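Same order as they appear, the protein sequences are chains A and B. For the first sequence, our numbering gives the first residue as 4, with consecutive numbering after it. For the second sequence, our numbering gives the first residue as 6, with consecutive numbering after it.
Just so you know, not all the hints are guaranteed correct.
Pairwise CB distance ranges, derived in the manner of DEER restraints [to be verified]:
(1) B:41 with A:109: 46 to 56 Å
(2) A:166 with B:304: 40 to 50 Å
(3) B:212 with A:172: 39 to 49 Å
(4) A:8 with B:257: 42 to 52 Å
(5) A:30 with B:144: 24 to 34 Å
(6) B:221 with A:9: 34 to 44 Å
(7) A:60 with B:52: 22 to 32 Å
(8) A:226 with B:52: 37 to 47 Å
(9) A:51 with B:280: 31 to 41 Å
Here chain A is said to cover these stretches of chain B; the calculated rule only asks that three of the stretch's residues, wherever they fall, bring their Cβ under 8 Å from a Cβ of chain A [claimed, not checked]:
(10) 18–28
(11) 136–150
(12) 174–181
(13) 214–227
In case anyone wonders, no lab produced these hints; they're calculated from the structure. In this text, all values refer to a predicted model and were calculated from it rather than measured experimentally. For glycine and all other residues, C-beta sits at the position ideal for the given N, C-alpha and C.
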Amino acid sequence: METNSLIPLDEALYRLLYHRSYREAFFNENFSSLGLCESDQRHLATIDREQLKKTASRVVTQVLYGADGQSGGIEGIFPRVLRKYRKTFPKDPNSIELIERFLESNYYRDYREHPYAGNGICIEEAFFEFMNTEKPFIDADATNAFLLKDEFLVALMRTLLYNPRASFQVRQADIFRIGEGYYSIQTMWPDMILYAAVKGHFVRGPITPLIAEILRLADGAKIQARTLSVRFNTSIETVQAAFDRLTHLGFLH
Amino acid sequence: MGVGLDMPWGGSTGFEQKECRCAPTPNVAKFFKRYHSDFSYYFFSFQPKNKNHLRAEEYFEAYDALVAVEPSSVRAFHHTRLNLGALEPYRKDDIIEFTNEMIRRYDLKWINEDLGIWSVRGHGMPYPLPPFLTGEGLRASIRNTREYQECFEVPLLVEFPGFTEGSNFYIGEMDGFEFFRKLAEETASPVTLDTGHLLSYQWLKGRGDRYLDGLDALPLSQCFEIHLSGCQIRDGRFLDLHHGVLLDEQVELLDFLLTNCPNVKAITYEDPKFSSQGDLIPKAVRNYERVRERVKKWKQTA
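Bound-form chain B, shown alone (with noise of 0.2 Å):
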């Protein structure tokens, strides 16, 4: 089992910049060394620290630091500036550089992003969007994912989109699992199934009460990564708040994908919220516990 970060600059968790030098929130060390046994590897979010081109060597202080924290650990890095999903042209030699340079720097063993629209015309969402579900969409996601491919120094794993309440809608008439596998198999890349992701589809497409239906038509074979993030149902709408309090729904969706993906290497806890103390919040520990469980379990018998 793993644990995935966000790291954002300037919050209560994350990065901060104390006597001139960038390091992580001390609540993120506690954490660490409070959990520290439950987890075998973990991932950090990017998150743009300045407005600057983007240079692998300016965010060296303060990921330095973070390996510092929690050093024996495998590492995985989560991306949000591939824009996997985007039609226009996109310029991604610098996107590339900054990541091979951060997977030599940190021996980072994958590279995991969602399949989605980031920005548009160099504008950011509020949410990343679904790409299009068109072929067009499908061509540029297939396209966007082997350039990617070809000049990461790890694997790329493809996540499967989100598709939160109030800032999410999708353009296109195919089918989002159906998509997801055919860029799958066009590109033969390992992916990611987020619970949240998958459950947030099926409420969307109204199978909220048959959330398991329909799941065979992803690419199971390929899933390498799981991601459990907390999630909510409010007045039947899908809310991917990424607040650390998992659903029973994504417990029992874990059970299912651990079932019928025999390629899984790795289930992460993504975005946990803890105190100042590194203590998960309370509402957060019965499922987390339950997902432990669960992982142990799995690891005796895989």
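Looking at chain A on its own, in the form it has when it is part of the complex (with noise of 0.2 Å):
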């Protein structure tokens, strides 16, 4: 690994904790490549390596089955994403390995427990984005991307549900906000699955191509029942059903 300028002893812990190659090349004394001055490099030759070594794997242990080892942790959020990993990866029977690619990405960076050192996004938004740039699973299955997708967008709507005053934030830039909640609107034709996050519901499920146009244009201009009705060559009363129902749902005031 290459560290072309100095880093704060700080830095040098999350590294420690967080970067297996950045662990290895402490292990392997390899110092002129921990972006180390002198007296940091002399403070961190302190560091008992067998209990960096216990400690990094608990973190491991923690991000996959969470703190208390039964919830909370990437198993738990992707469930079906992790066992189809493992049937298309059995070198890595565990995930340990995926996991710690993950704890070394800057997705895994930007991630933020605790909000109190700078924003950042959750965790199930930050291994969703490190695992679309797994190219080996993306690509082993013409399936995979939905599925990850889908296991996304269910736990991230979930947590939306039940922190609507979130820390983090969301980046993704097909996931919006509407009234209190949140709303994405995937396709996978022939259908349109709606996730939402909605005045205490976590909504999923198909869509026509009607509910999606309304919930576009939800916060634009006025929405014109009549407009909507000739566009999408059905009546008045639909439409004004279909503004009845997203309404009940919390979608529109």
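Got two chains here, each in a separate frame; can you build the complex from them with the hints?
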């Protein structure tokens, strides 16, 4: 690994905990590659290597299975993606190498468990973005990208539902705010699937192009039922019923 | 004597959601009822319930219910968000506002926090790491402590950090006791000495067989609170397990601290483990009783 400029000691700690390559360089006493000034190199030399190894291993376990070993980890958030990954890559049977690559990525760095050190994204979005860059997985099966997106949106919408004043940001361009909630529409031909977290409800299911258009227009100018009925070749009553249903669910005011 | 309770969400002991209301699990209420006469104060440790921005009012329902279980005791609060050992800039306004609202609503008498690195770059640790034992680490810890001291409406007690086996290591050449003493001197902060944390450091430094050595380097005269939480020694390694079972060494260390810390006001049995009926687990009883006896005697002579 290469480090061009000097880094502060807490950045070194971050990399020791989360970057396997940095940790290995440290264990191999490749000090010149650690990006530390001489005195910080001296400070690092005091680390109990066995304890660092155990701590880093515990970090991987916690990210994978959650702090209590039962919930909140990637395994619980993306169960189908991980099952598919392990089936596709049996040489990584416990997904440990996958999680180590994730921890070393900038997507994990952008994740914030605590918002006080700067804004960031949630772990659901960080892992989703990371997995999208795992080309061997994405390319292994034509359905993997959809599986990943589906599991991500279900997890994210549920998280947003339970955290209406979330301390993290959402940065996917195809996730929209609507009223006090969020929604996203994905096209899995021939269906359009709506994922949403609105007014205490989690929604996932196929929708018609008319519903998709109403949602798209929801935050814009006043929606004209007549215009939509003409465009979608349907009755005004049908459009009005769609308005009423979406209003009842909390998408429209 | 007091008790310190960790109150996680959704576990068998802590807070539970029942019929849309948050309340302590029934065994917590039973524990307080069973041991009410043993304790004159208690603290509860902060555990975040969700991923929202920190707002005190989200916690009122649950903490109100906890206080209703044990309304008469003096109360304190064990923080877990202060990140006193952090070198990086760390936004404190939400934390301070949250804490002061908690202080006012529950009439908290003090705030306690381990002097540690609880997160780095916004990522939590499996177990808080000690601060960087360097000059820069000391300056940052002093700066962070002072900021909170200035803003909190009650005293902040800084606790000597733990050095448990398997999820903990330290960086830097300064002696842990000396580092802690300098911080206490510079900030004039009252401190908490956790017997398990002190012993874990002694074991780490290879002083397990003479664990009372070197303790006079600590800021003993500034010690306000002593913590006793369950620990274990396995294969020569020290584990700060918080499993309720105290070691004989902790009881002996308590004797030392009671003799040598003239300003102690609080002795806390931290994170007891109890049954669904609120009874302490059998393994914990012997040394719990020993501690109780010692506190009783100490109170008579203090």
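### Task
With 24 to 34 Å as the target window, see if residue 30 of chain A and residue 144 of chain B comply at their CB atoms.
29 Å, holds
### Task
Could you tell me whether the CB distance from residue 8 of chain A to residue 257 of chain B stays inside 42 to 52 Å?
Between residue 8 of chain A and residue 257 of chain B, where Cβ atoms are some 51 Å apart, the hint holds.
### Task
Determine whether the Cβ-Cβ distance between residue 166 of chain A and residue 304 of chain B falls within the hinted range of 40 to 50 Å.
Given about 46 Å between the Cβ atoms, the range holds.
### Task
May I ask you to test the hint 31 to 41 Å on the CB atoms belonging to residue 51 of chain A and residue 280 of chain B?
Since the Cβ atoms of residue 51 of chain A and residue 280 of chain B sit about 37 Å apart, the hinted range of 31 to 41 Å holds.
### Query
For the pair residue 41 of chain B and residue 109 of chain A, does the Cβ-Cβ distance stay inside 46 to 56 Å?
53 Å, holds
### Task
Determine whether the Cβ-Cβ distance between residue 212 of chain B and residue 172 of chain A falls within the hinted range of 39 to 49 Å.
The hinted range 39 to 49 Å holds for residue 212 of chain B and residue 172 of chain A, with Cβ atoms some 48 Å apart.
### Task
Tell me if chain A covers the stretch 174–181 of chain B under the three-residue, 8 Å CB rule, please?
holds (count 5)
### Task
With a C-beta cutoff of 8 Å, work out whether three or more residues of the stretch 136–150 of chain B approach chain A closely enough for the coverage to hold.
holds (count 5)
#### Entry: Coverage of the stretch 214–227 of chain B by chain A, judged on three or more residues with CB within 8 Å
violated (count 0)
### Verdict for residue 226 of chain A, residue 52 of chain B (Cβ pair) under range 37 to 47 Å
Holds: the Cβ-Cβ distance is about 45 Å, inside 37 to 47 Å.
### Query
In this structure, is the beta-carbon distance linking residue 60 of chain A and residue 52 of chain B contained in 22 to 32 Å?
With a Cβ separation near 24 Å, residue 60 of chain A and residue 52 of chain B satisfy 22 to 32 Å, so the hint holds.
### Message
Under 8 Å between beta-carbons, do enough residues of the stretch 18–28 of chain B, three at least, approach chain A for the coverage claim to hold?
### Response
Result for this restraint: violated, n = 0.
Checked against the numbered hints given earlier, this structure breaks hints 10 and 13; the rest are met.
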